[in-house]
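There are 6 protein chains.
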Amino acid sequence: MPSKDQWYAWFNGHMVPESEVRVPFRDRGFKFGDAAFDTTRTFNHQLFRVEEHVTRLFRSLAYLDIDPGVSAKKLIDVSEQLAAQNLHLVDPADDIWLTWRVSRGIDPSERTAWPDYPDRTLIVECRPLPFQTRGRLYRDGLDVIVPSIRRPAPDALSPRAKTQNYLTLVLGDLEAKRHNPDAVGLLLDTNGNLSEGRGSNLFLVHEGRLRTPKAQFVLPGISRATAIELAIAAGIDVADADLDLFDAHTADEAFITSTSFCICPIGTINGRQIGDSQVPGPMTKRLMDAYVALVGCDWVGQYLRYAK
Amino acid sequence: MPSKDQWYAWFNGHMVPESEVRVPFRDRGFKFGDAAFDTTRTFNHQLFRVEEHVTRLFRSLAYLDIDPGVSAKKLIDVSEQLAAQNLHLVDPADDIWLTWRVSRGIDPSERTAWPDYPDRTLIVECRPLPFQTRGRLYRDGLDVIVPSIRRPAPDALSPRAKTQNYLTLVLGDLEAKRHNPDAVGLLLDTNGNLSEGRGSNLFLVHEGRLRTPKAQFVLPGISRATAIELAIAAGIDVADADLDLFDAHTADEAFITSTSFCICPIGTINGRQIGDSQVPGPMTKRLMDAYVALVGCDWVGQYLRYAK
Amino acid sequence: MPSKDQWYAWFNGHMVPESEVRVPFRDRGFKFGDAAFDTTRTFNHQLFRVEEHVTRLFRSLAYLDIDPGVSAKKLIDVSEQLAAQNLHLVDPADDIWLTWRVSRGIDPSERTAWPDYPDRTLIVECRPLPFQTRGRLYRDGLDVIVPSIRRPAPDALSPRAKTQNYLTLVLGDLEAKRHNPDAVGLLLDTNGNLSEGRGSNLFLVHEGRLRTPKAQFVLPGISRATAIELAIAAGIDVADADLDLFDAHTADEAFITSTSFCICPIGTINGRQIGDSQVPGPMTKRLMDAYVALVGCDWVGQYLRYAK
Amino acid sequence: MPSKDQWYAWFNGHMVPESEVRVPFRDRGFKFGDAAFDTTRTFNHQLFRVEEHVTRLFRSLAYLDIDPGVSAKKLIDVSEQLAAQNLHLVDPADDIWLTWRVSRGIDPSERTAWPDYPDRTLIVECRPLPFQTRGRLYRDGLDVIVPSIRRPAPDALSPRAKTQNYLTLVLGDLEAKRHNPDAVGLLLDTNGNLSEGRGSNLFLVHEGRLRTPKAQFVLPGISRATAIELAIAAGIDVADADLDLFDAHTADEAFITSTSFCICPIGTINGRQIGDSQVPGPMTKRLMDAYVALVGCDWVGQYLRYAK
Amino acid sequence: MPSKDQWYAWFNGHMVPESEVRVPFRDRGFKFGDAAFDTTRTFNHQLFRVEEHVTRLFRSLAYLDIDPGVSAKKLIDVSEQLAAQNLHLVDPADDIWLTWRVSRGIDPSERTAWPDYPDRTLIVECRPLPFQTRGRLYRDGLDVIVPSIRRPAPDALSPRAKTQNYLTLVLGDLEAKRHNPDAVGLLLDTNGNLSEGRGSNLFLVHEGRLRTPKAQFVLPGISRATAIELAIAAGIDVADADLDLFDAHTADEAFITSTSFCICPIGTINGRQIGDSQVPGPMTKRLMDAYVALVGCDWVGQYLRYAK
Amino acid sequence: MPSKDQWYAWFNGHMVPESEVRVPFRDRGFKFGDAAFDTTRTFNHQLFRVEEHVTRLFRSLAYLDIDPGVSAKKLIDVSEQLAAQNLHLVDPADDIWLTWRVSRGIDPSERTAWPDYPDRTLIVECRPLPFQTRGRLYRDGLDVIVPSIRRPAPDALSPRAKTQNYLTLVLGDLEAKRHNPDAVGLLLDTNGNLSEGRGSNLFLVHEGRLRTPKAQFVLPGISRATAIELAIAAGIDVADADLDLFDAHTADEAFITSTSFCICPIGTINGRQIGDSQVPGPMTKRLMDAYVALVGCDWVGQYLRYAK
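Residue numbers (my numbering), protein chains in the order written: chain S, 1 to 308; chain R, 309 to 616; chain X, 617 to 924; chain Y, 925 to 1232; chain F, 1233 to 1540; chain Z, 1541 to 1848.
Treat the hints with caution; some may be incorrect.
Mimicking EDC-like on lysine to aspartate or glutamate, the simulated pairs with C-alpha atoms at most 16 Å apart in a straight line are [said to hold, decoys possible]:
{"id": "1", "chain 1": "X", "residue 1": "Lys830", "chain 2": "F", "residue 2": "Asp1474"}
{"id": "2", "chain 1": "R", "residue 1": "Lys485", "chain 2": "S", "residue 2": "Asp65"}
{"id": "3", "chain 1": "Y", "residue 1": "Lys1138", "chain 2": "R", "residue 2": "Asp548"}
Hints in this document: simulated from the structure, not taken from any laboratory.
Please put together the full structure from these sequences, using the hints given.
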């Protein structure tokens, strides 16, 4: 019997302890990475922009031609319910991630051992946010390394779909961590422009202008969109653009955005310090403050608690 | 209790009924397709070139920097044992597939619900060969369609590693099947040359010369290697080369090779008949005969039994 | 003697029955496709934007370094005269196409058999519009297929010049029609972005925004420009952009524009339905209505008469 | 009535005076360059390798999916007959070109004015060889200029098919001639390698080794094949290869091959002298001699007669 | 002893006669071109936009990771002083160039012969402007030739850094001058778009719109920025864009900008006349006038004095 | 007066102490890196393959269109003389490098301060070999890192010419050393294949086969040629090939060749161990032994003396 302090997930229509969420190995999500996912987080125990995230998930599924078999509304309801079920497991001052995963399921010819398996695999799951391991980054800045491996071209697999084919991003991140275990990898795209890391978007600041890689070559993150909105509201000149290493090495400031990081200042790219090394730089700081104000939750403080 | 007629698999060190092979959803093989696999088949109930297949699997894993945690020898022993365990489930005149799958396992920070899970996921599994659905192809030839989606460039993810990131091949095949449900997709590579389909290699015949796409852009199949060996033994001029649609539309004969297909004649490419439409063409026929002789098993007959 | 119901054309300075417009086989327009052309149509028997079309023709000729040897004004006068000459041949409720063709003529060294041939070939010709064969498309939507063949890069031959080198577009369309005889081909450009079909431009709608492939990679159609103008007038967010298959498969609506189609809704791309399958979608409908109003001719009705 | 000294051609099944070979302007060969062609020449009034040329023509047509509607044998018979018909028009010491052209004909919907037109246009035609204008080149060497325009990539239109879409080669040649009216253009391919000019193949000599651009990126000329055969017979190390401007500027010798030129020495590339400026270089001379011997006709002398 | 009419330069901290500025051959600036530079000019003997130029120099150095070891302020002071020192050497009606050069200096392991050499090489130098040789261009227009050699891709070496690795631009210019000794080369970038020449930026005018190649692919010249500012001030529609040879051959006007040329009208591109051949065209003239007004110096007159 | 223990160089025709070899800053070799160079070394105080090196230097100069103004024979004589002049400065058991450098000299318009400067700059110079700093590498293997910056495409600047435009290689090496100060950078080419590092060629061993990147994308090193010759002599299957990171991560052994390194085993690529970590691997060892035998000098011992 699942203990009270076990995390629960929603698995093919049922709320079950996480340990029971085991996918038949014939599921195409496992065999081929033939699946899409999306992730949001809570602020003050409330899910952030859950509709935008589910809309983006459905867009990834449309690209893959996978029918989720469930309405957006239903998925959001389940998500709220699941978050509520799990949030008691973290410190009241902490928050959690919530992730949806939808695979194409098991091919009809391979269902012998699971004759009653549904037409697709659908999982909603939660995890504690990793405040402890990341606290230092908000004080010192993140080390970013550009590996030699590149994002596939959009005509091979669109980076705008958040699929479970993550090997290029995984290998890029491993390559970066071989050079510096604390670093994250940020890949060039097929044209040699900066694109994205495993789950994070890049922003660069030059003389008061804010730029981020073009949407065609990255997953257009909800946090990326949030940072752009905040910049617009603050009257900052912000746009997406083709950015390359010349931009990186001449930037005044740099930061990444992601669901969990929200905004995290970058300290170095390829071992070279960004700007005058103030972490965070003034525009980054301004946007971080605005982000905290927008979500009404001091996520910077959540991280910095752990920066020793 | 598993019934006697259930298929068994080897799952993280144990021989279990297939229905029990369920992968924790936090396994990176599921989350990211962060895994490699390889497949052989039996002829007359004997595994074919099992050492070459396991060597290739280990090469895929080396590229991904995944440690299988097991020796090739051990894996082969297990495979022989597993095949023996399952073969009674098919007709004595039939044969089976055997597949190895190795994922990077569960990240340490996500093992809470599976504290004792091993350091990687390792599965060996079997399936009956699909003789029934394919019988017609050996009589009429396979319809091949070249979709608009392309294989990623080798600097993004090497096609020589047989990984569980199969989405591009999956989407290419789905695109082809939208046009013709009986067709298979065969993708162009980043340079616009013909590369491969989901698990099959291409061969084209021009004026007695046999050509197949270059090894850097495809999974160098064991059956592809076998066909090349047989061609060399038969004194045929055979080589790998950059092949494009001009080659396809001017070919005298065309066929694919794969573990299960061995050699299957192609009838059309993009709806245009290959050569003078004899299926199989004379060189294809000669290589099919040599293949049957090599393995000592009439796999052509296995398929043709079902061509009605 | 030409019968009264014969179509006339303007051929190297003379108004002649169409059957007399035969080009010496040594004309470079025939030998090399070394020629440019452009096409407009009538609405209510009046030529549409004839000056824009002739200006575009002259731009194509400038790129090819072909001197038309005639002024735009003269060409327009001839066109009006020719249209008047032919319009009696179609139903009063129907309309016609009018096309200009200018080739580089016959090389001096090859004029032996035609010593008096002019310095270039210049043809103006008319044809009835194909309302009958297309009527169904306005009701059901057009099937678009993206073939594997691609548009040449602009550094090889600019797609912005409407030349008589149409083989890539022809082969792309034939490839599409092999899969579905009712479909039209729409090619990717050298970067893997959606470009254009044989004489038509693409538009996609996402969440109220209208996008069309960038002008550098397509023939910038007059109807494309018209649709953009109408969208601007209607306050719609419209722009050209790099669009790929992710955009296609996640679009709410899609349509093509062309001289004859004006605006025609797309039903499917690569066999996958666009949006929720309403044909035409609401923004498409709105632009079609505005187009009808602009030209003062119910061309939608002209087509739909034939949709049975 | 055609005069006795008029050139004849074979046009859709009839031997007619050249002045009567006029193609309906609605022929796709004219409208789209939707046609293929091939050319051979006579030596001592005998057609050279006519079977190879017709085979290559049929291969171009196969790529374009055009059915010539006639057998190779018939076409060769007609060609022999046509050559015989025309050869009396040139000096007994001169020779002629013979060219086949096959277009896709007139679309059914556009045949109104030519209701009885055949299903494709098929022309066989002859021309005198231009010995006079080229004589000087065999003494001084040809000036080759590499223009900025490039050959389309093979995935857009295969250069291996000799189609009537020649605009890129035409524009490249015009660009070269703007710089130097006596020069010919030789284009780079999509990878920046040297490919071919309008109807000619390139060969470079480095330290006794002979190289020519790879077959995938050029029309594999019959004269190119002849030069390769002759080199092999002479024990020369010959191969096709990726060649670029480094190869051009460090070559000891360079020459082109074409049906009419056979082998013509290159004097300069981009205004820089090849090797030590001996024209022809020793290996080029050796191959020219062997070519003369092979065909039993002193074509070098035919040209040099006119070098003043 | 340096004569009174010798030009002086600032060399590693000292004002010395130019003849004494000799760089140790082990300096990486010589061995590898491992250095950056920038150039301004005087108008009426005053340095133009010296701060912008020094800022751009520092940006180039940041990209190269070279520490100039001096503040921008110091460099500007030195520059003013050096200009004052040299200006008496030119006619009061003439002006001069001033150039900064910073190399990475001598590797520690190679300093044996120059043990006291500073940590980098820093040169500030002046030259008379070449009014005489260029006067004609302002009357007749500049001949621009697009060579076959291309600018490296930004992922190989960013063209936005003005480094002393100029070989591609040098070879492109030499190729152009082989065709026409009076011409300048203007290279295509890796995508086949027009980029820049040796030290000059391109502008094209189409129907009243002004366009210049995108900043990622060229050195973003200060004069280019000045021209853009002046265009904006004049209410002209101006933007950077991907421009190719179609744009060049259909342009109404074209000009280049550079520090010394300011704005110089283009007469021909690849031997083809721009627009209707008026030199300068009306928009070019308008911007030249505005430029003269801005800098308060009739630099057009400075050049035209020498146009005979 | 130069001390007796000063190194001498040959500078524009004169044997002078190294400290006097200072290049006018207006030399194009300094301003643009407009120069070529080449380097050999001594074994037992004898210059190695000096003719091959000078031939390659002349080939680089031919590509750049720089006239060295001196015969190969003269240059070799000077080199022998210069080596003799300097060798007494190193330990009898040590050896030296000898380098030629030829720049395009000073532009005529900039010679005011050096009116008598020759038409090009020509330097021959020597340096001690760095045995001390490299000794460890022969014991532990070299760490190779593949940076994100790439070699320019051959159509931008041929890597086969050894020019003084080394910035891409310099930046690649600096990027690598930022990650690991002991590592050397090895760049990918424009196609994503492994090319070369700053002055070194790569070799990989797979199952007894030896492969090295294709000559079009690298400087074809004399040591590379030597290793290939030795492999052929030893009956090893050796060839140049397109190699990528899949090849690197699945290699059994890897090594680099260079003039000074001769053959140096690689221990890691991107932090991942090559093969089973034996340094050197068996084939590498065999070729090192053969190299030592060929040159009759224990250069391995020269290095290992310093491995502590």
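How the hints compare with the structure:
1. X:Lys830 x F:Asp1474: Status holds; Cα separation ~10 Å.
2. R:Lys485 x S:Asp65: The given pair, whose Cα atoms are some 13 Å apart, holds under the 16 Å limit.
3. Y:Lys1138 x R:Asp548: Judged against 16 Å, a Cα distance of about 15 Å means the pair holds.
Consistency note: the structure conflicts with none of the earlier hints.
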